[in-house]
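Throw the hints in and build the complete structure from the sequences for me.
Order-wise, the sequence lines are chains A and B.
First residue of the first sequence? That's 1 in UniProt numbering, and the numbers climb one at a time after it.
First residue of the second sequence? That's 1 in UniProt numbering, and the numbers climb one at a time after it.
I should point out that these hints are in silico values taken from the structure, not numbers from a laboratory.
Mixed in with the good hints, there may be bad ones.
For lysine-lysine, the following DSSO-like pairs were computed, each having C-alpha atoms within a straight-line distance of at most 30 Å [claimed, not checked]:
#1 B:Lys423 x B:Lys72
#2 A:Lys61 x A:Lys72
#3 A:Lys437 x A:Lys242
#4 A:Lys437 x A:Lys72
#5 B:Lys72 x A:Lys423
#6 B:Lys61 x B:Lys72
#7 B:Lys423 x B:Lys449
#8 A:Lys437 x A:Lys423
#9 A:Lys242 x B:Lys242
#10 A:Lys423 x A:Lys449
#11 B:Lys449 x B:Lys134
#12 A:Lys449 x B:Lys134
#13 B:Lys437 x B:Lys242
#14 B:Lys449 x A:Lys134
#15 A:Lys134 x B:Lys423
#16 B:Lys134 x A:Lys134
#17 A:Lys72 x A:Lys449
#18 A:Lys72 x A:Lys423
On a predicted model such as this, the values are computed, not experimentally measured, just so you know.
2 protein chains.
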Amino acid sequence: MTLYVNLAELLGARIEQGLYRPGDRLPSVRALSLEHGVSLSTVQQAYRHLEDRGLATPRPKSGYFVPPGRDKPALPRISRTAQRPVEVSQWDQVLEQIGMQPNNDFIQLGRGRPDIDSPTLRPLLRSLSRLSRKQDLQTLTYGSIRGDQRLREQIARLLLDSGCQVTFEDIVITTGCHEALSAAIRAICAPGDIVAVDSPSFHGVMQALKGFGMKALELPTDPLTGISLDALELALEQWPIKAIQLTPNCNNPLGYIMPEANKRALLALAQRYDVAIIEDDVYGELAYNYPRPRSIKSYDEDGRVLLCSSFSKTLAPGLRVGWIAPGRYLDRVLHMKYMGTGTTAQLPQLALAEYIEGGHYEPHLRRMRMQYARGRDQMIDWVSRYFPAQTRVSRPLGSFMLWVEMPEGFDSQRLNRELAPYKIQIAPGSIFSAAGKYRNCLRMNYAAKPSAAIEAAVRQVGASVARLLEDNHARDTAMHTD
Amino acid sequence: MTLYVNLAELLGARIEQGLYRPGDRLPSVRALSLEHGVSLSTVQQAYRHLEDRGLATPRPKSGYFVPPGRDKPALPRISRTAQRPVEVSQWDQVLEQIGMQPNNDFIQLGRGRPDIDSPTLRPLLRSLSRLSRKQDLQTLTYGSIRGDQRLREQIARLLLDSGCQVTFEDIVITTGCHEALSAAIRAICAPGDIVAVDSPSFHGVMQALKGFGMKALELPTDPLTGISLDALELALEQWPIKAIQLTPNCNNPLGYIMPEANKRALLALAQRYDVAIIEDDVYGELAYNYPRPRSIKSYDEDGRVLLCSSFSKTLAPGLRVGWIAPGRYLDRVLHMKYMGTGTTAQLPQLALAEYIEGGHYEPHLRRMRMQYARGRDQMIDWVSRYFPAQTRVSRPLGSFMLWVEMPEGFDSQRLNRELAPYKIQIAPGSIFSAAGKYRNCLRMNYAAKPSAAIEAAVRQVGASVARLLEDNHARDTAMHTD
Ligand SMILES: Cc1ncc(COP(=O)(O)O)c(C=O)c1O
Ligand SMILES: Cc1ncc(COP(=O)(O)O)c(C=O)c1O
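This is how it looks when you write it as structure tokens:
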């Protein structure tokens, strides 16, 4: 990536995430040139890039400004974590979440699913349908344990966009990203081992750690830049950490993209302390800005990064097709994959290979990125309208999920129970923590095209939040006057 | 099952497996009545049942005889095992086996796949194709972690045939039987734990034990009746065994069906020593004789049996749809399932539910059972024709795989290398043992309809076997005269 794009990315993220507010003056060209050690013309190019994306407006003689816009709610706080390894809990809550059938009856704001209504999915369904009728060995029997070669070739090509230079031989197809992550964890860690994770973090990984008897060390995480590298370094110093697991791009649930410099610094730390990195890139292709962010794997030189991903978020979770590029751990990962599920279903692999080869994937991604970017703006708008004033919300740079933080003491599980009669469901924050933190937070999905029904649902969530907060307040007051 | 069916089953197995040879007189009605403590008329009913199945012919005044037929090769020997827990090895060989793409170019006698050419599969493909085109939540997004309820209801109904009384709520859908077994193992055992297995035994389980850091205790196994219960009892006495894992019905690779009395005795032992049983029933519906054999699970009273199965062998492995009825371990299994793969693909589940509800499954099973029974006879015939005289072969009572034993010192991996230029592949026996025993054995698939090409392949295998044996012999002689 060229210097100016790099700089534009950094500034753009800061603006989108609200570090500079509408109307604010942005740093001068000279100041940025000094700060980043780049030429004046590089900074100017970066600003022009931001101008094109509508993120900066020049005013003659006074420099660049953030264009006017609605005031956005404050950002979530940087998470404070225990910073010691803990056993993972919360399985019951996760089970409640995933036990629900997909249900048109309920507005399931809590689920992590993409929009699957786009016409750009049709060629995939056509391929699936046509291939399903074939009564042949390829579709109906066991494939190779590594997965279909054509699909692996396409994935290798797609990975180039994230800066990764891998070939199909470095890739193993898995049953969703779940299996990729699970195989990665088992390939590297033994029971009792400690894995450092971002926090809040995807429950799938934490429940896998729990299941395999490993411990999670949750790291304080900035809602704009990801895990604190200082905290990570301290932790690496203090504990025998085996692996770092994180979702640096369009993080679930916070939505940030870790800056490139942080990615490189993280990798350097991993090298210094000789630990593996399990990178979850499942949302990387859904970053709103083009080009898509680089993966940590793209900087990897000694094969210590295991890149995990899937088509679940970009296309459809029901396909259950994911992949892993496990670097130097390929052999172990193959073994873990075999013992977990044997080979992966062939049919969706063949259909996916056709779809991508046919040139249908990139246009689909473009469309979804735009839809989700608009969805984010709409959802933030609704939340700032319908939720109590103290509410803090994330500024996702990709994917389709918003993290909402209420004051300490709020209970999002109780909120979910309150919402059930209205047939609305959110994801309670506590499932995103090994130790059940973030009870005062919740996650809401904005993948579906905005509609009156969804708006009404968000309004109801806001109203229920307000009522619960008043309850809390009344209780607190009662306790104080008692 | 009534008494006479029970008795007929026992006698039938003995006849089919060659304990009584063609022309032999079968035990008298009186002798059997005394031996089994049943009435004379029960024995007579049993004999009439055998007569109907062509397994016994009455001769006036002299009793029942085994009908004439070709002489069959001797049975494989009862396996002798180390009878202490060992670390599982052989991963490299398994990988070689499963790394191969399905390939029409090669005659893959070594693979464990069913015939997928039957017209009775077509309604399933039609359902798959039709459902694939649906752009809806049901097919394209995450289902429930437990699997589709309609399919689970159908499976519960099918399980009645094996004597199991379970409801859909006792069943979890998995990504093939592989995931069922893997989840079962992880639900019960921790690294370092010992699992008793039949021997030879399915490599998927042993490789899972290896991957999770458990030890396998291989039990001596009779090619007609399955694991030695005496040896099991001794082992339970001597070692802290956590679980017994076995395939009692149409065993892979030996093809036996464990007699009902042995199943009950096994369960009693498991109760006495308080260990779990992981029962693999993936071939149970492919027993040649009707009604299908009972599962150990059907006798289970305290939920200690985890029944694992799939549609991979009865319909098509490419579907990757299996299930587990984990008894009292349901919660742990759900957790293991979630962390391994998340939810299971919906599309094949829905198509399978339709297919079974539509009444297509039972006729398909009937047809495949007949085809495989004929395939067995044909394959045994070919082996007795084309293999050296010392060859011993199994008498499968179901499924589609023959176990072939050559004299000690034979090397079936070397055989595979010899066969490669002929584009033929067999499964070397050593992958069916934790410790790499059975190098002198091999497994051959007879699922496909007999054809000249397959006959030629078997003939070539026989010829290569003969040549390798001569080599061995020449080498041995050279050593002795040196
Ligand atoms: C960060 C992250 N990784 C992985 C997954 C699971 O992906 P898949 O459905 O492909 O198993 C999810 C889905 O919720 C996720 O949010
Ligand atoms: C005894 C046994 N169990 C399980 C399996 C795997 O079944 P699935 O393809 O459903 O994972 C096999 C297949 O080889 C097998 O032989």
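Here's how the hints hold up against the structure:
A threshold of 30 Å between alpha carbons decides the hint, and for Lys423 of chain B with Lys72 of chain B the separation of about 28 Å falls inside it, so the pair holds. With a CA separation close to 28 Å, the supplied pair Lys61 of chain A and Lys72 of chain A stays within the 30 Å bound. For the hint linking Lys437 of chain A to Lys242 of chain A, the alpha-carbon distance of about 23 Å falls within 30 Å, and the restraint holds. At most 30 Å may separate the alpha-carbon atoms for a hinted pair to count; Lys437 of chain A and Lys72 of chain A meet this at roughly 25 Å.
Of the supplied pair hints, the one linking Lys72 of chain B and Lys423 of chain A is violated, its CA atoms being roughly 67 Å apart against a limit of 30 Å. The straight-line distance between the Cα atoms of Lys61 of chain B and Lys72 of chain B is roughly 28 Å, inside the 30 Å bound, and the hint therefore holds. As the CA atoms of Lys423 of chain B and Lys449 of chain B are separated by approximately 19 Å, the hinted pair is consistent with the 30 Å bound. Restraint check: the Cα-Cα separation between Lys437 of chain A and Lys423 of chain A comes to about 26 Å, which is no more than 30 Å; the hinted pair holds.
The suggested pairing of Lys242 of chain A with Lys242 of chain B holds, with an alpha-carbon distance near 28 Å, which does not exceed 30 Å. About 19 Å separates the Cα atoms of Lys423 of chain A and Lys449 of chain A, which keeps this hinted pair within 30 Å; it holds. Under the criterion of a C-alpha separation no larger than 30 Å, the hint pairing Lys449 of chain B with Lys134 of chain B is inconsistent with the structure, at around 35 Å. Between Lys449 of chain A and Lys134 of chain B the alpha-carbon distance is near 19 Å, which keeps this suggested pair within the 30 Å criterion.
With a CA separation close to 23 Å, the supplied pair Lys437 of chain B and Lys242 of chain B stays within the 30 Å bound. About 19 Å separates the Cα atoms of Lys449 of chain B and Lys134 of chain A, which keeps this hinted pair within 30 Å; it holds. As the CA atoms of Lys134 of chain A and Lys423 of chain B are separated by approximately 25 Å, the hinted pair is consistent with the 30 Å bound. For the suggested pair Lys134 of chain B and Lys134 of chain A, the alpha carbons sit about 18 Å apart, so the restraint of at most 30 Å is met.
For the proposed pair Lys72 of chain A and Lys449 of chain A, the alpha carbon gap of about 21 Å is at most 30 Å, so the pair holds. For the given pair, Lys72 of chain A sits about 28 Å from Lys423 of chain A by alpha-carbon distance, which is consistent with the 30 Å threshold.
In summary, the numbered hints that this structure violates are 5 and 11.
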